[in-house]
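Asker: So you can see what is in the structure, the chains are spelled out below.
Number of protein chains: 2
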Amino acid sequence: MDAPGKVTGTALYAADFALPGMLYGKVLRSSEPHARLVRIDAGRAARLPGVRAVITAADVPDVRYGGSVKDERVFARDRIRFAGQPLAAVAATSPDAAAAALTAIEVVCEPLRPVFDVAAALAPGAPLVHDAWASYTALPILHRDGNVCNRARIVVGDVERGFVEADRVFENRFTTSSVHQGYTEPRAAVAQWDSSGQVTVWSNTQLPFEIQTTLAEILQLPPSKVRVIVPGIGGGFGGKLRIGVEHFAALLAMKTGRPVKVMTTSEEELTAAYARQPATVAVKTGVTNDGRLTAREARLWFDTGAFAGSGPGVASVATLMLAGPYRIPNLLLEGFAVYTNKTNFGSFRAPSGPQANFAVESQMDIIADALGLDPLELRLKNIVREGEEGPTGQVLTAVGLEECLRRAADAIGWRDRRPEVGRGKGIACGWWTTTGGSSGVYVKVNPDGTVALNTGAAEIGTAALTGAAQVLAEDLGVQMADINVVSADTLSTPFDFGAQGSRTAFAVGNACRAAVADLKRQILALASKHLGVEESALALREGSVVGAGKRATLGELARISQASGGGLIAHGTFVAPPTPYDTKRVEGHVYPAFHSPSFHAHATDLSVDAETGEITIHRYVVAQDVGFAMNPAAIEGQIEGGVAQGLGQALSEEIVYENGRVLNANLTDYKMPTARDVPRVESILVQHPSLVGPFGAKGVGEPPNIEPPAAIANAVASATGVRITSLPITAEKVALALRERAK
Amino acid sequence: MDAPGKVTGTALYAADFALPGMLYGKVLRSSEPHARLVRIDAGRAARLPGVRAVITAADVPDVRYGGSVKDERVFARDRIRFAGQPLAAVAATSPDAAAAALTAIEVVCEPLRPVFDVAAALAPGAPLVHDAWASYTALPILHRDGNVCNRARIVVGDVERGFVEADRVFENRFTTSSVHQGYTEPRAAVAQWDSSGQVTVWSNTQLPFEIQTTLAEILQLPPSKVRVIVPGIGGGFGGKLRIGVEHFAALLAMKTGRPVKVMTTSEEELTAAYARQPATVAVKTGVTNDGRLTAREARLWFDTGAFAGSGPGVASVATLMLAGPYRIPNLLLEGFAVYTNKTNFGSFRAPSGPQANFAVESQMDIIADALGLDPLELRLKNIVREGEEGPTGQVLTAVGLEECLRRAADAIGWRDRRPEVGRGKGIACGWWTTTGGSSGVYVKVNPDGTVALNTGAAEIGTAALTGAAQVLAEDLGVQMADINVVSADTLSTPFDFGAQGSRTAFAVGNACRAAVADLKRQILALASKHLGVEESALALREGSVVGAGKRATLGELARISQASGGGLIAHGTFVAPPTPYDTKRVEGHVYPAFHSPSFHAHATDLSVDAETGEITIHRYVVAQDVGFAMNPAAIEGQIEGGVAQGLGQALSEEIVYENGRVLNANLTDYKMPTARDVPRVESILVQHPSLVGPFGAKGVGEPPNIEPPAAIANAVASATGVRITSLPITAEKVALALRERAK
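Residue numbers (the working numbering), protein chains in the order written: chain L, 1 to 743; chain U, 1 to 743.
Take every hint as true, because none was put in to throw you off.
Treat identical chains as interchangeable: a pair holds within one or across any two.
Within a straight-line C-alpha distance of at most 27 Å, the following computed DSS-like cross-link-like pairs (lysine-lysine) qualify:
id, residue 1, residue 2
1, K225, K520
2, K284, K584
3, K671, K6
It should be emphasised that the hints constitute simulated quantities derived from the structure, not laboratory data.
The task is simple: from the sequences and hints, build the whole structure.
Answerer: Next up, the structure:
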């Protein structure tokens with residue numbers, strides 16, 4: 001639905017959004033990673049031409065906000081916790097004037113001893129990133145301790161006994177780097193206050209209702225005094241879930257009495273956004289000689305940076321991912337979110353997925369190699385099957401994993417895994433959740449027979465609202481072209497948990513089904529009266545009610561209802577039913593179970609240049625169990641995009657830190673794959689219908705991002721015999737490893 | 001609800017609305033009242049600096065549009081029918097550049113023989129304003145014939161027999177002038193097209209859904225491709241019901257590919273808007289010597305100008321008004337809408353009301369004087385009473401007219417009608433409809449316990465949406481401050497018949513009640529589950545559900561529902577039930593009966609300067625049966641504003657034509673009353689509850705506009721003995737009449 005605007009360049013994004021008389025805001029950010037803030041003097045900046053306001057911590061309510069842990073402030077108040085932390089913001093009549101003012105603000109601070117990574121943060125006697133962590137408001141289920149802002153855990157059976165039962169125990173350690181979501185459009189917001197004391201914020205957030213709540217907290221207002229509207233989003237991928245620049249825009253607009261726009265630069269994106277958490281993963285797995293997994297003890301430490309953000313929740317998902325889609329009777333899995341003096345790393349498409357999957361699926365190949373088993377066979381021996389329990393005790397249904405593995409392997413030509421020297425094939429599989437949460441919709445039938453859908457969810461470029469509209473069109477028997485969508489306005493659209501977690505088509509689609517059920521009742525009753533035919537003899541199809549040789553179009557019926565009944569309007573709601581799980585097995589879990597899980601396998605065929613280490617991908621195959629393929633082209637688009645991003649993380653992307661400062665905070669030195677770098681991706685849509693999703697659909701947006709690092713690592717190992725255990729798998733890393741081995 | 005923004009000057013009006021990169025549109029209008037259009041040459045204009053587009057009839061679809069009769073085109077194509085008719089439109093980078101371009105367009109035309117008033121238009125052999133009138137698409141119920149585009153009729157009993165039964169028969173003739181609605185904000189629209197081929201128009205229309213339909217007709221698009229949003233309205237009063245400048249903005253935006261704003265000037269408002277139809281009224285009434293009305297034959301001719309517009313419908317309402325709120329057994333009442341070569345006159349707050357009431361109520365005093373009866377007593381003897389039939393046979397309920405008359409008379413000190421020489425008191429009474437039509441609403445409860453209402457009705461400054469919000473707040477047991485309204489967006493809000501006919505609080509309020517009924521079911525079910533208390537033991541009050549010593553706030557319940565049930569959302573619809581009437585009595589009626597009629601009496605006490613004719617109003621009292629006074633302050637505001645407008649029409653306002661051209665097309669020479677001219681208005685709210693309106697409320701917005709001319713005329717006659725039968729009753733007209741009588 002959103003393609004024409006994007007293809008023709010006329011689509012409106014938040015970055016394009018402007019209001020007459022608008023000022024431009026910019027944010028002064030700390031260059032110190034950890035320091036005591038002694039003094040900020042904005043006097044000179046405030047007097048510069050074009051400058052309308054300069055604000056610092058002194059100008060805003062002294063509020064700590066945050067999702068799981070309330071540990072963040074708008075501006076550093078007394079302590080600076082990362083290089084990039086906001087210290088002040090300026091509104092001026094032009095972006096240049098605002099930028100000039102930033103350089104005129106004087107900041108005096110005294111450096112403090114920093115912790116730059118998880119190891120340093122967990123070392124005995126490490127400085128605390130938040131001295132007062134214990135006094136912060138936080139979700140009570142979290143397990144916090146000093147620099148650990150959550151430890152999530154799953155315990156199943158007796159892991160020690162499981163290792164005793166094993167013939168071999170494998171212990172491996174993996175690391176992954178921080179990667180940016182790489183959305184095309186920077187974070188942008190325009191804020192304007194009205195005379196009723198309401199602020200309206202146009203933002204490219206994925207979660208308008210979340211931003212509404214956070215802004216209300218920051219501004220100390222009831223949420224309904226904050227209206228958040230999403231004019232359009234140029235990509236999100238989890239990087240636009242949390243507050244970005246909306247609060248700066250709102251506070252500057254309040255101060256100046258004028259609309260203010262704030263938009264991030266690439267440098268801000270790479271130093272002070274919500275890039276993926278770097279992780280360290282330790283996996284210990286027991287296995288019998290014939291390849292049966294008996295036990296796993298695994299730990300994943302996320303660097304969450306200076307604030308908890310989504311770290312505590314992602315740590316809990318990580319434990320589910322550490323189990324892998326395998327039947328392992330004994331588990332001790334832990335995920336940690338650890339404070340450091342870096343930016344608040346955050347959610348990125350399938351948060352925790354690639355990090356944990358890289359470790360788990362790399363180790364599966366290590367095990368297979370060690371036991372002389374085919375990696376595919378080892379997987380098939382251990383994967384979960386229909387009706388079996390997942391690690392939390394939830395019963396898994398619609399499990400299409402075997403089909404995914406077999407079809408991906410077949411497609412890549414698995415039987416011939418090492419066709420030539422320096423060439424190899426790799427496979428990796430995984431599972432993922434379709435996030436739950438609540439969706440409500442309003443639906444009306446227009447007098448021309450078209451249909452207007454109001455949803456609180458934003459279209460973030462995944463065609464998920466197209467999916468919801470497809471469900472609506474199908475259920476109501478109208479054409480897709482007849483659906484108009486109004487979306488993502490906290491005032492005019494119903495609550496929605498938001499465009500996250502592959503849930504939009506799934507949940508909004510189901511809410512539409514509920515609305516259509518009501519509409520159909522109204523439509524058939526009205527048609528029966530209008531046509532003089534019993535309701536039982538009538539059916540709704542192709543935009544008309546037909547029966548007993550008579551016919552009334554939806555448009556006619558809507559016009560009749562507008563004239564005599566108030567119009568054909570309805571509402572519908574949906575919330576994913578809770579997934580039963582064993583509460584005794586889990587601790588510290590923000591998301592305790594997988595909703596309508598999806599299953600997938602990726603396989604790749606690549607060559608490695610023995611000299612340079614350069615990797616050339618010949619083929620890349622994805623077999624993904626999508627439940628029901630509502631929109632095959634859009635799903636393939638998601639798979640292709642997800643693989644491209646995954647290959648970026650696998651091969652080239654890394655935000656490089658030195659002493660707490662980013663060395664490559666620009667899009668030249670931060671290496672995202674270009675069109676030249678991305679291979680053609682072959683998609684195989686496997687369909688094991690979900691019992692909950694509309695028409696059996698499962699969430700499809702995030703999964704394609706999970707397996708590429710492991711699939712690449714396994715193929716590189718297959719091609720070269722060299723196992724790379726840290727991301728990205730750059731050519732130089734491979735070349736050095738080859739040389740090391742040659743020694 | 002809208003007061004703070006208006007008082008502080010921060011409210012957004014359509015006239016303020018702007019988009020980045022917006023162009024400014026202006027319309028070239030004919031200076032000839034009736035002519036053949038030979039040629040338009042826009043070549044030179046198009047080449048002027050800043051000009052981005054010039055469009056004429058050749059650039060737009062050749063479509064005839066209109067409500068009752070499709071007789072109008074965007075631009076004159078071959079024939080010019082009034083001085084002020086659009087010939088071309090220009091879009092340029094500034095309003096000045098657009099204005100300059102207008103003067104560079106060459107127009108060649110050949111004058112035709114015009115008809116400038118009703119008498120000329122009805123004369124045998126008169127030129128036809130529309131030669132091809134018979135071929136136009138029109139509502140089939142209309143009675144059309146040449147320059148008459150509708151004749152509406154009510155026939156009751158036998159009017160000839162009624163005159164025979166009468167002791168005296170009175171025949172009088174009255175004329176009224178055209179007056180402008182005098183809204184503060186000119187008509188304004190901004191249009192912008194998007195890549196999906198949808199045009200969005202921000203306009204200060206009272207009827208966004210009507211403008212959507214008309215624009216779709218003009219642009220030859222399905223209505224859902226036209227989105228109309230009302231950002232705010234600076235007064236409407238019926239003058240912003242029909243398309244104003246929206247189509248020019250949309251067409252210029254299509255041509256230029258940029259947003260375009262068009263706004264009218266005062267000159268355009270006074271020459272080419274929808275000012276009130278001038279009327280000629282002939283009333284013949286039979287009466288017994290003791291003051292019983294036996295028969296009435298009355299005709300009202302509206303000058304509808306060059307197009308039918310709302311004329312045919314208003315002509316039908318006029319017949320109801322000609323009966324007056326009286327029990328007259330024999331009636332022959334006719335209303336005519338007559339084409340002339342003037343602008344398309346239109347609806348103005350209580351359309352037809354002041355014109356018919358001026359005639360009917362003036363004649364009541366003429367009759368009383370002739371029979372030596374007290375005008376109040378004559379009225380009380382003949383007014384309709386509870387349960388009696390109106391002229392169409394509808395049964396009247398909640399008839400508060402006697403109370404209105406007695407309380408207005410008491411308040412003005414009726415017993416002493418001529419307290420001194422040159423001073424007199426006048427009274428006039430009337431009735432009015434609460435317009436029906438359909439309203440739908442969406443309602444949601446926010447997680448802070450506030451409530452968001454989506455309505456398709458616009459707030460036009462009458463506090464009608466405040467009224468609807470009051471109904472919602474009252475029914476749901478929350479505070480008014482907790483209601484947020486989203487209104488008047490054809491895409492995101494449900495259909496509403498619009499802000500017209502005193503219906504908004506009435507109909508939207510009732511739709512809210514339906515939504516609340518559904519919400520209450522949801523809320524009580526959820527609260528019962530949450531609190532563990534039987535639903536029957538729970539009650540909703542003051543924003544909480546309470547029962548069995550327990551309590552849950554609406555906010556809590558909304559949060560629970562968002563987490564576990566999709567959110568507390570609902571929809572509601574309302575349509576006024578049809579008012580039964582005798583179809584045999586009426587012809588040509590677009591609005592065949594009065595819905596939930598209201599009743600009212602105005603009384604005034606004034607002095608007339610014997611020398612200058614100048615009128616000084618000492619007191620002005622309105623007693624209005626409002627059914628139930630939902631918002632007394634707002635109703636008093638409506639009464640005060642309506643009387644001010646009515647006094648303008650009564651005393652000073654007139655669009656003066658000479659040879660089809662307006663002589664006073666500016667706000668200096670067109671005399672609206674200022675704050676200095678308007679007396680304090682005393683309001684008496686009479687409450688006979690409607691059976692249909694929310695809490696018994698009736699429509700209150702239009703009625704105060706109806707009686708001022710008659711009340712003033714009757715008081716002037718009482719003060720001077722001189723009867724003025726044409727509006728406005730200017731000082732010079734009174735002075736001349738006094739001199740005439742002295743002769």
